[in-house]
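J.: Using the hints, position chain L against chain R.
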Amino acid sequence: MGMNMETKLRDFHQARWDEPIIYELSREGERGILIPEVDEVMRYPDEGLEEIPQELRREAPPNLPEMGQMRVLRHYLRLSQENLGADLNIDIGQGTCTMKYSPKINDQLAANPKVSELHPFQSQETVQGLLKMMYETEQYLRGISGMDRFSLHPGGGSHAIFTIASIVRAWVDSRGESDKRDEIITTIFSHPSNAAASKLKGFKVITIYPGPDGRPDIEALKAAVSERTAALFITNPEDIGIYNSRIKEFTDIVHSVGGLCSYDQANLNGIMGLTRAREAGFDLCFYNLHKTFSSPHGCGGPGGGVVGVTEELAQFLPVPLVSFDETTGKYFLDYDVPNTIGKVKDFYGVVPVILRAYAWIRSLGEEGLKEAAKVALLNNNYIFKKILDIKGASAPYAEGELRMEQVRYSWEKLYKDTGVTTTDIQNRMFDFGVHYWTSHEPWIVPEPFTIEPTESYSKDELDEFIAILKHVANEAYTNPEIVKTAPHKSVIHHIDHDYLDDPEKWAITWRAYKKKYTGYFEPRKNRDE
Amino acid sequence: MKKIGLIVNPIAGMGGAVGLKGTDGIHTLEKALALGATPRAPQRAREALEALFKCINVDSLFYTCPQDMGENLLKVYTKNYKLAFPKFKGELSSSLDTIEAAKLMKECKVDLILFAGGDGTARDICSAIGLDVPVLGIPSGVKIHSAAFAVTPAKAGELAAKFLSGKVRNLKESEVMDIDEEAYRAGEVKARLFGYLLIPWERNKIQSRKAGTMPSERAIQQAIAEEVVTNMEEGTLYLLGPGTTVKAIGDRLGIEKSLLGVDGVLDGSLIGKDLIEKEILKLVEQHKKVKVIVSPIGGQGYILGRGNLQLSPRVIRRVAKENIIIVSTPQKIASLHGSPLLVDSGDANLDKSMRGVYPVITGYRERMMYRVEA
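Protein chains in written order, with my numbering: chain R, 1 to 529; chain L, 1 to 374.
Please note that a few of the clues may not be correct.
[Claimed, not checked] Straight-line alpha carbon distances no greater than 25 Å define the calculated BS3-like cross-link-like pairs of lysine-lysine that follow:
no., chain 1, residue 1, chain 2, residue 2
1, L, Lys-2, R, Lys-505
2, R, Lys-489, L, Lys-167
3, R, Lys-514, L, Lys-167
4, L, Lys-352, R, Lys-470
5, L, Lys-167, R, Lys-391
6, L, Lys-54, R, Lys-489
7, L, Lys-291, R, Lys-222
8, L, Lys-352, R, Lys-222
9, R, Lys-416, L, Lys-162
10, R, Lys-489, L, Lys-321
11, R, Lys-416, L, Lys-54
12, L, Lys-167, R, Lys-516
13, L, Lys-155, R, Lys-505
14, R, Lys-204, L, Lys-321
15, L, Lys-291, R, Lys-505
16, L, Lys-155, R, Lys-416
17, L, Lys-321, R, Lys-505
18, R, Lys-222, L, Lys-167
19, L, Lys-291, L, Lys-352
Since the hints were made in silico from the structure, they are not lab data.
Same shape as in the complex, but just chain R:
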């Protein structure tokens, strides 16, 4: 029996394996592969060893899990079954993340030994194809943004923001204004890393709230700028999905006091090919290749956060760039960047990610990219209208206006009517094999949830997601208990985040876990009671 095609609700149940940590499965002496014995000389080489300082030499072998192949395979398959990955569910609930389809052919290209077996130190002569691919990717990104040069190095969005903040820092210092220009302005609905990276680079942070129309308050910006302003770090459209058509006025205001403007375009999906950072007056921008350009998110990395800058700021980019020498007709790693901020990452960027983005751009072409953005807008406004029809749901700000590629909704009314919160709804969505994300903290929109359908999903799939959302909202009114006690069909009922919030308790390595386990954690058998 398949799902009920009328209600579009599945009788879903997630796998629950109660799988131990791999170290708990380890058995001393168990092996995946038995390799042939080696002779004495190989086992105890004399030469070379003395060059390694004594304190760096390992006395005991590393404590790695010891397991047979089949058990390793089962372990990871079980864990994968306990996930709701992008290839498994209608992944439009992770708003702001742009969970579009990553074509499998691009994965195959990236996994091809011609790419995966390359070494970053091999002669540039032997990797002309790869360098050409990187060079051309930069040309495409230049066309899409209007910027003059790109660095492909950063491994993610926050890393890109950090690179940008470093460039702004270098720019301020190079002008001898280190003590004067010490403020960066951002908005509350821009990604919090904009504020965080600015702080990390020694800037003060000024945050702007939206006005009643949902756009950043331009009067607040006017009150915030001064000769102390180093830069504006802003997103548009912001996370709530409303386009700020006065963006050029914002950049003009900041330029009028001598500051730079950085465009957080981690998610470009609503305006890709339709508007450009250059025309909006920006000096810097960045794209997440693992969002807009279809490379998978890679479970927290590696991704790609490519940074574009104007001619004036190219002198600060990380080294090396990939350039083309017209006289020799060769591509090369270009270290001639006079005021470079240095390295932000080892080597040259995450090559498989860049390659997937390259393939994606090449396969779509200019018209295809524009079409992708337009379909993303269309999908979003379709689902926007459907969700507003659900009892208890609303979309704060700019009533009656269409949205861009995503929307931040609110269950405020549903909560007031029923006492059911957005996290309750979130937990109940798991019971139907999908999920959604609430929003960054602090929650300015009450009881928020953020939906971003991208261009990848069909109308049928959007309808299925909406049907689930509508069903759960209806349950909140008719049977709130089932929502409040959810999930009922997921891997685990409740994750205790106290262990993640308390430095005394958290453990990110097995060694730390064992150390704290005896000190702070209750024995496993009691913990599960």
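T.: For chain L alone, coordinates are given in the frame of chain R:
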């Protein structure tokens, strides 16, 4: 074994339905009864207990008060309870019994006091135990301006159960507001910050790890204090308004800042504590440069006119708006959900002139630009 205190103010909320805006004072109660008011608190407490007993999964012992102050309701659900005291001080229960009960429950080391009432009841409990014991209010009164109450009675029961079973572990200091009922009946709202109670605070059950963990409210207050103190100028008189965020500045300076009052600080030293308007004006006259530090009080976002009436229109006019320093945790600003900060100084013209976008200090080297409206 968890210990829970239950205090029901049986007459809380009676004045509301008959338009009396509260039941503080025995004469009002008589009037309410004469107008045919019926008790509201018992039903609200029942809803909370219903939810509590549905959710609770730990052994528990209750401490409560006789008759309609708790026992009558509780005995329907459990036999595991003791009485804090055998009978009321007077013929009927009164606020003295509430205070006595709270004190005794603290001595019995209860894990949580659940109380049904309004602002007046919160005030009584606050005066008895302050921040010594976690409490949670079941909203039952006419006036609920304090932040110590759950949104609904059922939510109070659920949250109490979660707290007792360890699922909710965070506590936060919440304002106990008090409105002058006499003035309120005359049509004026004059809220005063009475003190603070410690209430359980539920974080989201499943939170995105993407945003990382927010630092504690206390840590943010310390960061704000660091920012303010770093930028304090020599020879400038600072008038520190009420509230925990401003008090943290006093803590950073190492002075005994009054929690609810307006204090004067000059070059890092306390030169006037819990000042009244007249004293403030005198200090202001004596100093050339004066700055006022205020924080929004409660959920409505008032920076003037609620809880700091000592900072009167005359004081504010003398100080001038550019010398008002607003401090707030980002969470408090977020809880306004986009509504502006407000001023209600009692002088409409002054309020109008105060409108505009202000910097609000929200952390160390951090500020927000936020609108102030009258």
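J.: Look at each hint and say if it fits the structure.
T.: These are the hints, each one checked on the structure:
| no. | hint | verdict |
| --- | --- | --- |
| 1 | Lys-2(L) - Lys-505(R) | holds, 24 Å |
| 2 | Lys-489(R) - Lys-167(L) | holds, 21 Å |
| 3 | Lys-514(R) - Lys-167(L) | holds, 24 Å |
| 4 | Lys-352(L) - Lys-470(R) | violated, 45 Å |
| 5 | Lys-167(L) - Lys-391(R) | violated, 30 Å |
| 6 | Lys-54(L) - Lys-489(R) | holds, 22 Å |
| 7 | Lys-291(L) - Lys-222(R) | holds, 23 Å |
| 8 | Lys-352(L) - Lys-222(R) | holds, 20 Å |
| 9 | Lys-416(R) - Lys-162(L) | holds, 21 Å |
| 10 | Lys-489(R) - Lys-321(L) | violated, 57 Å |
| 11 | Lys-416(R) - Lys-54(L) | holds, 21 Å |
| 12 | Lys-167(L) - Lys-516(R) | holds, 21 Å |
| 13 | Lys-155(L) - Lys-505(R) | violated, 29 Å |
| 14 | Lys-204(R) - Lys-321(L) | holds, 23 Å |
| 15 | Lys-291(L) - Lys-505(R) | violated, 43 Å |
| 16 | Lys-155(L) - Lys-416(R) | holds, 12 Å |
| 17 | Lys-321(L) - Lys-505(R) | violated, 47 Å |
| 18 | Lys-222(R) - Lys-167(L) | violated, 45 Å |
| 19 | Lys-291(L) - Lys-352(L) | holds, 20 Å |
Consistency with the previously given hints fails for numbers 4, 5, 10, 13, 15, 17, 18, ordered from lowest to highest.
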